[in-house]
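The lines below spell out each chain.
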Amino acid sequence: MRAGTDGAELAAALYDQHARAVRAVIVRVLGPDPEVPDLLQEVFVEALASLDRLEDPERVRAWLVKIAVHRTRNVLRARSRRRWFTLWSGPGELECPVEDSDVSARDDVRRVWALLEKLSADERVALCLRRVAGLELTEVAQAMDLSLATVKRRLAKAQARFDALCARDPSLATRLAAANGSTQP
Amino acid sequence: MSTLPPRRALDTPTPLERLARDDAPALEAQQLAEGRARLLRALARGAVSARHAQRTRERRRARAGAMALAAVVAAAAAWVLMVRPRAGRPSSTAGVATVEGAMRFTDGSSVLVGSAVLSVESHDGHATELQLVRGHIRAQVVHYDDTRWLVRAGPFRVRVVGTRFDLDWDPEARAFALTLHEGAVVVDGPGLEARSVRAGEHLRAALEHERYVWWLSGPTAARSTTRDHDAAAATAPDATAPEPQRDERTRASELVEPSAHRAPSDDAQTGAPARSTAAIDRPSRVAGLPRGGDDTQVLRVAQSLGYASFFEAASPTDLARLCLALRRAHDDARALACYETARRRFAGADVGVDASFFAARIAHDRGDLGRAASLFAAYLAARPAGPYAETAAGRRLECLAQLGSHAALAREAQQYLRQFPQGAHAAFARTHASP
Numbered sequence: 001m002r003a004g005t006d007g008a009e010l011a012a013a014l015y016d017q018h019a020r021a022v023r024a025v026i027v028r029v030l031g032p033d034p035e036v037p038d039l040l041q042e043v044f045v046e047a048l049a050s051l052d053r054l055e056d057p058e059r060v061r062a063w064l065v066k067i068a069v070h071r072t073r074n075v076l077r078a079r080s081r082r083r084w085f086t087l088w089s090g091p092g093e094l095e096c097p098v099e100d101s102d103v104s105a106r107d108d109v110r111r112v113w114a115l116l117e118k119l120s121a122d123e124r125v126a127l128c129l130r131r132v133a134g135l136e137l138t139e140v141a142q143a144m145d146l147s148l149a150t151v152k153r154r155l156a157k158a159q160a161r162f163d164a165l166c167a168r169d170p171s172l173a174t175r176l177a178a179a180n181g182s183t184q185p
Numbered sequence: 001m002s003t004l005p006p007r008r009a010l011d012t013p014t015p016l017e018r019l020a021r022d023d024a025p026a027l028e029a030q031q032l033a034e035g036r037a038r039l040l041r042a043l044a045r046g047a048v049s050a051r052h053a054q055r056t057r058e059r060r061r062a063r064a065g066a067m068a069l070a071a072v073v074a075a076a077a078a079w080v081l082m083v084r085p086r087a088g089r090p091s092s093t094a095g096v097a098t099v100e101g102a103m104r105f106t107d108g109s110s111v112l113v114g115s116a117v118l119s120v121e122s123h124d125g126h127a128t129e130l131q132l133v134r135g136h137i138r139a140q141v142v143h144y145d146d147t148r149w150l151v152r153a154g155p156f157r158v159r160v161v162g163t164r165f166d167l168d169w170d171p172e173a174r175a176f177a178l179t180l181h182e183g184a185v186v187v188d189g190p191g192l193e194a195r196s197v198r199a200g201e202h203l204r205a206a207l208e209h210e211r212y213v214w215w216l217s218g219p220t221a222a223r224s225t226t227r228d229h230d231a232a233a234a235t236a237p238d239a240t241a242p243e244p245q246r247d248e249r250t251r252a253s254e255l256v257e258p259s260a261h262r263a264p265s266d267d268a269q270t271g272a273p274a275r276s277t278a279a280i281d282r283p284s285r286v287a288g289l290p291r292g293g294d295d296t297q298v299l300r301v302a303q304s305l306g307y308a309s310f311f312e313a314a315s316p317t318d319l320a321r322l323c324l325a326l327r328r329a330h331d332d333a334r335a336l337a338c339y340e341t342a343r344r345r346f347a348g349a350d351v352g353v354d355a356s357f358f359a360a361r362i363a364h365d366r367g368d369l370g371r372a373a374s375l376f377a378a379y380l381a382a383r384p385a386g387p388y389a390e391t392a393a394g395r396r397l398e399c400l401a402q403l404g405s406h407a408a409l410a411r412e413a414q415q416y417l418r419q420f421p422q423g424a425h426a427a428f429a430r431t432h433a434s435p
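Chains A and B, in that order, give the protein sequences. Counted from 1, the first sequence has number 98 at position 98 by my numbering; the numbering is strictly sequential. Counted from 1, the second sequence has number 163 at position 163 by my numbering; the numbering is strictly sequential.
Quick caveat, the hints were computed from the structure, so don't treat them as lab data. Hints may be right or wrong, so weigh each one.
To be verified - Rough simulated footprint, nothing fancy, chain A against chain B, three-plus residues with beta-carbon under 8 Å: (1) 136-143; (2) 195-204; (3) 418-430.
What the hints assert, rightly or not - One side only, chain A facing chain B, incomplete, derived with CB under 7 Å: (4) Ala8; (5) Ala11; (6) Ala13; (7) Leu14; (8) Tyr15; (9) Ala19; (10) Glu35; (11) Leu40; (12) Phe44; (13) Leu48; (14) Lys66; (15) Val132; (16) Thr174.
What the hints assert, rightly or not - Over the 10 Å line for every Cβ pair with chain B, so calculated as not near, a few chain A residues: (17) Arg20; (18) Asp38; (19) Gln41; (20) Glu58; (21) Ala62; (22) Arg73; (23) Val75; (24) Ala78; (25) Arg81; (26) Asp108; (27) Arg131; (28) Glu139; (29) Ala164; (30) Arg168; (31) Ser171.
In this text, a Cβ means the ideal position worked out from N, Cα and C, and glycines have one as well.
Using the sequences plus the hints, can you model the full thing?
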């Protein structure tokens, strides 16, 4: 990124280089959500507006991911508040974006996203970053601006809560049991 | 304390791991493109500057200073308002800019963009290519013998020699309008090839019954073209003209009122026929849902016509698209009505049969177990080995269990196990297979 170059070029270059990774984080936490393009835009606007806070230019991607996580968590919190006060049911059905020959699996994916709605924003973000996006614990901690110990505690709690929710869903319980090598749902 | 999952079968993803695989390249590309366009629009609006100013105020309250780099960012955002003019011809200035205001090109040409969405596809010393995504632009192009200017608007191409013109493109209404103030351009589009338009002429095109109909007005055209509707229609391409480039799913019967067409602004110098333009104005009609539109656009179009009317007029594809949008919007009542219409209008066809499944799913999720069970049964009767059969059969088992229909549950659980021994509901079915 060269100072003095055209602002659009700067933004476009930054976006083109990192948008895919940023989107991956957002989608892994938020799901197939219609707000993804908006969030992408907000993350990069935020990043461009606070370039002066970037301490290590070599870590641009991690910095963008941190902003993305922060923004996504805010969206989840806002939705949670909205749901609480207005009985709003969510952003719309989380329709799986691709056709899949395993239709029941697609149905399960939809159910899993619905279950994740029942976790707190912090739990969901931690769980999804670790288990869906596949970040390392240290990366999750950095992205969430938390200590490693806090992240571990939060993940354990989120995992237990999610597993309990899964157990109440016959289809997901079966899948979970199969994945865990158990014969019991 | 470990947060890793317990030992598991490696071939079988956990439900959470399954989410990681749940992505589609097409969706990714679409969202990335949308995000990019929105980012550039936000930059053009000065969003970076505004956000930065907000941050600066916040930080001032906390501590003073730390504004130098931010000023660079603000200046960079301001740059978006124009493509930077340079001395002489540029060697290369390519990229996409979505701006409000004016764009000045190094060859001396300029485009007033206003609130239009305009993309600079390419711009170098010899060729400039713009894509008008939507809205109104006013262009003044400086002519050079060795340069080529092209503005695309939907399926239309305006080849510019050296001129001053207004161009409108409304992708939802599929309405095209060109007013030429000076010089000459050549327009290509569906049903019309290399049509020259000269100063003072006004060319419009709108979609009617799957074909673009053209109107030409102005000093020369007025002599040969009456401006009443019939005469205007007579200027339409003949029946053998190529189809406009659009989705095959649209049908003439799917009539949706377009969004308001923005008339070109008057220009006293050219005598551009503002009144004549008005005289040839008439409500144009556009078929089908916007191609590639998101749910919001789909719902807006359907709402503009009236859901009930749209349900009855839409093609199978558009009706399915609208039902999906309604379902995603959690407008369950309308989604159910939509699916019921699809079942009635397209009984036996995939859209109609699938509608049974989706309606059943909504009914199930709403706790209308009897209705859900009946709809799942309808789907299974029509498509016993269909793509949703396993889910339908499984969910029907859940319904029967909750309804207390033990005999039917046992019978269908056995049938489920025969048909889907490894199905998602197999464990559930096993527990209910014995009467």
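Here is what the structure says about each hint:
Evaluation of the coverage hint for the segment 136-143 of chain B: breached, as 0 residues show C-beta separations to chain A shorter than 8 Å, against a requirement of three. Counting residues of the segment 195-204 of chain B whose beta-carbon sits less than 8 Å from any beta-carbon of chain A gives 0, not enough to reach three: the coverage restraint is violated. A count of 6 residues in the segment 418-430 of chain B with a Cβ less than 8 Å from any Cβ of chain A is obtained; the coverage claim is therefore met, three being the minimum. Residue-level restraint check for alanine 8/A holds (minimum Cβ-Cβ distance to chain B is 4 Å; threshold 7 Å).
At a threshold of 7 Å, the smallest CB-CB gap from alanine 11/A to chain B is about 5 Å, leaving the interface hint in force. Interface hint at alanine 13/A: violated, since its Cβ lies 9 Å from the closest Cβ of chain B, which is beyond the 7 Å cut-off. Given hint, leucine 14/A at the interface with chain B, is violated; its Cβ is 9 Å from that chain's nearest Cβ, farther than 7 Å. The criterion of a C-beta within 7 Å of any C-beta in chain B is met by tyrosine 15/A, whose closest approach is roughly 5 Å, and the hint holds.
For alanine 19/A, the interface hint holds, since its Cβ comes within 7 Å of a Cβ in chain B; the closest pair sits about 5 Å apart. Hint status for glutamate 35/A relative to chain B: violated, with the closest Cβ pair at about 10 Å, above 7 Å. The restraint placing leucine 40/A at the interface with chain B holds, with a minimum CB-CB distance near 3 Å, inside the 7 Å limit. With its C-beta approaching chain B no nearer than about 5 Å, phenylalanine 44/A sits inside the 7 Å limit, and its interface hint holds.
At its closest, the beta carbon of leucine 48/A sits 5 Å from a beta carbon of chain B; the interface hint therefore holds under the 7 Å criterion. At about 16 Å, the closest approach between the beta carbon of lysine 66/A and any beta carbon in chain B exceeds 7 Å, and the interface hint on this residue is violated. Interface restraint check for valine 132/A: the shortest CB-CB distance to chain B comes to about 5 Å, inside 7 Å, so the restraint holds. The closest approach between the C-beta of threonine 174/A and any C-beta of chain B is roughly 5 Å, which is under the 7 Å cut-off, so the hint is satisfied.
A cut-off of 10 Å between C-beta atoms contradicts the statement that arginine 20/A is not in contact with chain B; the least separation is 7 Å. Non-interface status of aspartate 38/A relative to chain B is broken: a Cβ of that chain comes within 10 Å, the nearest being about 7 Å off. Its closest Cβ contact with chain B, about 4 Å, brings glutamine 41/A to no more than 10 Å, contrary to its assignment away from the interface. The Cβ of glutamate 58/A sits about 17 Å from the closest Cβ of chain B, beyond the 10 Å cut-off, so the non-interface label holds.
Every Cβ of chain B is farther than 10 Å from the Cβ of alanine 62/A; the closest lies at roughly 19 Å, confirming the non-interface assignment. Residue placement check: arginine 73/A keeps its beta carbon more than 10 Å from all beta carbons of chain B (closest about 17 Å). Non-interface call for valine 75/A relative to chain B: holds, since the shortest CB-CB distance, roughly 14 Å, exceeds 10 Å. Under the 10 Å C-beta cut-off, the non-interface status given to alanine 78/A relative to chain B holds; the minimum distance is some 17 Å.
Non-interface status of arginine 81/A relative to chain B is upheld: no Cβ of that chain comes within 10 Å, the nearest being about 18 Å off. For aspartate 108/A, the non-interface assignment is contradicted: its Cβ lies about 6 Å from the closest Cβ of chain B, within the 10 Å cut-off. Against chain B, the non-interface label of arginine 131/A is violated: not every CB pair exceeds 10 Å, the least being about 4 Å. At roughly 13 Å, the least C-beta separation between glutamate 139/A and chain B is larger than 10 Å, which holds for a residue marked as non-interface.
Every CB of chain B is more than 10 Å from the CB of alanine 164/A (nearest about 13 Å), matching its label as outside the interface. With a cut of 10 Å on Cβ distances, arginine 168/A stays outside the contact zone with chain B, its closest approach being about 12 Å. At roughly 4 Å, the least C-beta separation between serine 171/A and chain B is not larger than 10 Å, which violates its mark as non-interface.
Violated hints for the displayed structure, listed by number in ascending order: 1, 2, 6, 7, 10, 14, 17, 18, 19, 26, 27 and 31.
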